[in-house]
Amino acid sequence: MPPKASNIERQAWNSKCRSLLAKHIFDERLGVVVEDSKLEAENQCLRTQVQEILGERDQLRCSLQEMEDSARREKQAEADTAVKLEAANVECEVLRNQLQQTKKQLELLEAMVSRHRSAFAQILDVTGGIVNKSPAFTS
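Here the sequence shown is numbered in the numbering used here, starting from 38 and rising by one per residue.
Do not take every clue at face value.
[Claimed, not checked] Pairwise CB distance ranges, derived in the manner of DEER restraints:
| id | residue 1 | residue 2 | range |
| --- | --- | --- | --- |
| 1 | Glu-115 | Ile-90 | 33 to 43 Å |
| 2 | Gln-159 | Cys-129 | 41 to 51 Å |
| 3 | Ala-125 | Glu-147 | 25 to 35 Å |
| 4 | Met-104 | Cys-82 | 31 to 41 Å |
| 5 | Pro-39 | Asn-80 | 25 to 35 Å |
| 6 | Lys-141 | Glu-103 | 54 to 64 Å |
| 7 | Gln-81 | Arg-109 | 40 to 50 Å |
Just so you know, the hints here were simulated from the structure itself, not pulled from any lab data. Ideal placement from N, C-alpha and C gives every residue a C-beta, glycine not left out.
Let the sequences and hints guide you as you build the complete structure.
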């Protein structure tokens, strides 16, 4: 049995309404329909912006790397200076110790000279001022 004419009309009307409703929902939710050529131009613009951002990111990365290297060199220089200062302090301490040892040796020598002078004075007293003038004593 063939479909009734009213059913065919209702089916056509429902189909038209559904397509208009679908188009309305599509336009409302997804925005205005744009042609492919406009999308390509917009994509090209976005690509350019992305490349600019990536370029800036790479420049920033290089700048950060340079800053890190500079900070590392600065820390190394400070560490080297600290090591040099520590070495200078150690050397200064060694020189102080050597100076103290030299002073002690000088005091010992002065004490020895003093003892020899007193011994020589005793010899002069005993001999009455006569000193042996042999070549061993004159040099």
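Taking the hints in turn, this is what the structure says about them:
1. Glu-115 x Ile-90: 33 to 43 Å: holds, 37 Å
2. Gln-159 x Cys-129: 41 to 51 Å: Given about 45 Å between the Cβ atoms, the range holds.
3. Ala-125 x Glu-147: 25 to 35 Å: holds, 32 Å
4. Met-104 x Cys-82: 31 to 41 Å: holds, 33 Å
5. Pro-39 x Asn-80: 25 to 35 Å: About 52 Å separates the Cβ atoms of Pro-39 and Asn-80, which means 25 to 35 Å is violated.
6. Lys-141 x Glu-103: 54 to 64 Å: holds, 57 Å
7. Gln-81 x Arg-109: 40 to 50 Å: Since the Cβ atoms of Gln-81 and Arg-109 sit about 42 Å apart, the hinted range of 40 to 50 Å holds.
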